[in-house]
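Student: Chains as they are written, first to last, in my numbering: chain A, 1 to 321; chain B, 1 to 253.
To be clear, the hints were calculated from the coordinates, so they are not data collected in a lab.
The calculated lysine to any residue pairs, modelled on SDA-like cross-linking and capped at a C-alpha distance of 25 Å, are:
hint, chain 1, residue 1, chain 2, residue 2
1, A, Lys72, B, Tyr8
2, B, Lys16, A, Met139
3, A, Lys72, B, Arg89
4, A, Lys72, B, Ile2
5, B, Lys16, A, Asp130
6, B, Lys16, A, Leu119
7, B, Lys16, A, Ala111
8, A, Lys69, B, Val99
If you want the footprint, here are the derived chain B segments under chain A, 3+ residues with CB under 8 Å:
hint, segment
9, 16–26
10, 82–92
Away from chain B, derived, C-beta distances all over 10 Å, residues of chain A:
hint, residue
11, Gly15
12, Gly29
13, Gly125
14, Leu163
15, Leu165
16, Asp196
17, Glu199
18, Pro218
19, Lys269
20, Val282
21, Ser284
22, Leu297
23, Thr300
For glycine and all other residues, C-beta sits at the position ideal for the given N, C-alpha and C.
Here is what each chain is made of, one letter per residue.
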Amino acid sequence: MPIIEVRDLVKSYNGLEAVRGVSFEIEEGETFGFLGPNGAGKTTTISILCTLLSPSSGTAVVNGYDCMKDPKGVRSSIGLVFQEVTLDNELTAYENLKFHCYLYNMQRSVAEKRIDEMLEVVGLGPRRNDFVKGFSGGMKRRLEIARGLLHRPKVLFLDEPTLGLDPQTRSHVWHFIEELKKREGSTVFMTTHYMDEAEICDRIAIIDRGRIIDCRSPEELKSSLRGDTVYLETDDDQAALRELSEKLGLEARRIEGGGLALIVESGEKVIPRIFSGLSTGVRSVNLKRPSLDDVFLHLTGREIREVEGGGTDRPVRGFRR
Amino acid sequence: MISFRAVYVIVLREFKRFFRQRGRLLTTIARPLLWLFIVGSGLTKIVEPGSKGSYMQFLLPGVVGMTILFSSIFSTISVVWDREFGFLREMLVAPVSRVTIVIGKLLSGTSLSIFQGMALLVVAPLVGLSVGAVKLVVMFFLIALVSFSLTAFGLFIAARLTSLEGFNVIMNFIVLPMFFLSGALYPVEALPGPLRWLTYINPLSYGVDSFKHVLLPEGARLGAEFSMTLDVAVVCAFAVVMTLLSAWAFARR
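In isolation and in its complexed conformation, chain A is listed as follows (with noise of 0.2 Å):
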């Protein structure tokens, strides 16, 4: 049985589809993500799942419980990082975890345990007792991840947790995410329109205007673009171009300053393929696959970056009961 399942979601706001008719399911375990520009429908659609907000039709089931019947259910199965930081920062780490605990009814002796081995794997253990007011954007958000994951959730809810912060910081943020995961086993449903991150996704569901476009592992998404594209350098460009197409029936072209270019499927099959099939001399080989910005300009025919800033995809106010 999927962890979450949803069916024909629709919501809108005052005659403006946000999200129309959504439909899709995640299995335990899975990480899922939704990548797609601001305004898209993204957070609009977590809102829903987390009982923020309620649809204007179609269903929502996650860990069992409905959305709209079994709120109370559905709040204690799940775990959320928001996109804007939600912790209080009058209050120190510590305090803001314990807070949660008890917010989640944990036993005391329990919350101990767990509030001091999740500081210590988010890497926050020696700032326990300081005030989050003084933390900066990355340890925020690793404090809020451990702090949605605190009551062991079924499902983790990301949306944008890395919206706002630099590279490397993001990078950082992602690496605790994976380790995370590996060792709790949650399952992730995350949103981002950073291509990159979604990368990390087993299945991505790629949504613009509402709606879900195609929904595949990035590898298929990516295999279902024209394909990986290998350079090769070789000691007789003329002679391999031969070899390559009567031996091994691949068309290469010649590309400008020297070297051969080729298109295939799938490039980690066909390289060894070259090595053994071919008797000119191999100087170097590159391969390059196409980007998960590929596969979004492809199916939308935009690039993600062109229709940023535009949207208002954030529900803030008004929440549902």
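With the hints as your guide, set chain B onto chain A.
Tutor: Here is chain B on its own, set in the frame of chain A:
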């Protein structure tokens, strides 16, 4: 339905915040003393030239009322603050009912106000009023009741405020008039017609009047004006109505 552990931690957080915000703490201590000793001494000379300051005695119950009023409204503003800074979401996605959050905020606002109101009674001897053990106990219950009703009132307002800017409007158009028209600074009888009627419909007037009953000496020239039964009845009714309204306002969100 109600998670006591969650209520406890919400109250604990508000107390920690209160004692950590130095400015808020100092204001809390300074404001009633300014009214009592500076405004009080000045006005004593006008109200009763040559007297030993029974106007300052008259002012004490009013200033206790003011302290509770400001403290209760201020602490419920933390809801608006939490919403502005995102912390409210952390509470809203937790598996606790809205009622639990409302109770947590009600209890924390009430207990902070009780604490401040009771602390102010320390200065009673300085204006020549003696407050014995019995009076302290009675005052505790009255202060608790008034604090609770005002916190519930504040929560109802806070549930509808969406930004911190709205807070200034609340201060000037609700909190200050409530204080000035509560019989805290002048006897209700002394007010001209329309203002007197506004005072009659102000629930705080009855709270302040109940404090006068306990704190002011029997037969003082300026004293309580309503009966104690009426005072307690009005404040109780106000508390019940406001609790229901604030629970309703929160559940609706």
